[in-house]
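J.: Starting from the given sequences, assemble the full structure and let the hints guide the process.
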Amino acid sequence: MSELEEYLVAIAICSPLFFFIIAVAFRLLDNSASIFLKHDILVDTSYVSGDIIKEHLHNSEDKKLKKSLMRALLFRRLHNFFMILMVISIPPVIIACFFVF
Numbered sequence: 001m002s003e004l005e006e007y008l009v010a011i012a013i014c015s016p017l018f019f020f021i022i023a024v025a026f027r028l029l030d031n032s033a034s035i036f037l038k039h040d041i042l043v044d045t046s047y048v049s050g051d052i053i054k055e056h057l058h059n060s061e062d063k064k065l066k067k068s069l070m071r072a073l074l075f076r077r078l079h080n081f082f083m084i085l086m087v088i089s090i091p092p093v094i095i096a097c098f099f100v101f
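FYI, in the numbering used here the residues of the sequence shown are 1 to 101.
Any given hint could be a false lead.
What the hints assert, rightly or not - Pairs of lysine to aspartate or glutamate residues, derived as EDC-like cross-links and limited to a Cα-Cα distance of at most 20 Å, are as follows:
# : residue 1 : residue 2
1 : 66        : 51
2 : 38        : 55
3 : 67        : 55
4 : 38        : 61
5 : 66        : 55
6 : 63        : 51
7 : 38        : 5
It is worth saying that the hints were derived from the structure and are not from the lab.
T.: Here is the structure:
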C-alpha cells in the first residue's frame, strides 16, 4: 500500500470520531437554557426543545434575545447534522476495516 493510501485509511477510520467531537463542540456551544434564564424565563431542564426556542423566537420582541436564540438554534442544527454524519460514516468504516485488514 502506498503512503497516501495509508493516510486515507487512517483518516477514514478516525472520521466518525472526528464528526462526534465536532458535534459535541456544537452541543456545548448551544446554551439555550442559559439564554432563557438570563431573560427570566424559567425552563424545566437544561436541554430546551427546539419547539420552545422557535416559539420564543416568534413571540419575543427583544432583538438581543432573538439573536441569541437564533444562534442557539443554529448550533443545535449543526450538532444534529454532525451526529448524522457520524452515524452515516460508521458502516463504511467497518466495511473498510474488513477489506483493508
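J.: Does each hint hold? Answer for all of them.
T.: Hints, verified against the model:
no. : hint    : in the structure
1   : 66 - 51 : 14 Å, holds
2   : 38 - 55 : 17 Å, holds
3   : 67 - 55 : 14 Å, holds
4   : 38 - 61 : 16 Å, holds
5   : 66 - 55 : 11 Å, holds
6   : 63 - 51 : 19 Å, holds
7   : 38 - 5  : 51 Å, violated
Against the hints set out earlier in the document, a violation occurs for number 7 only.
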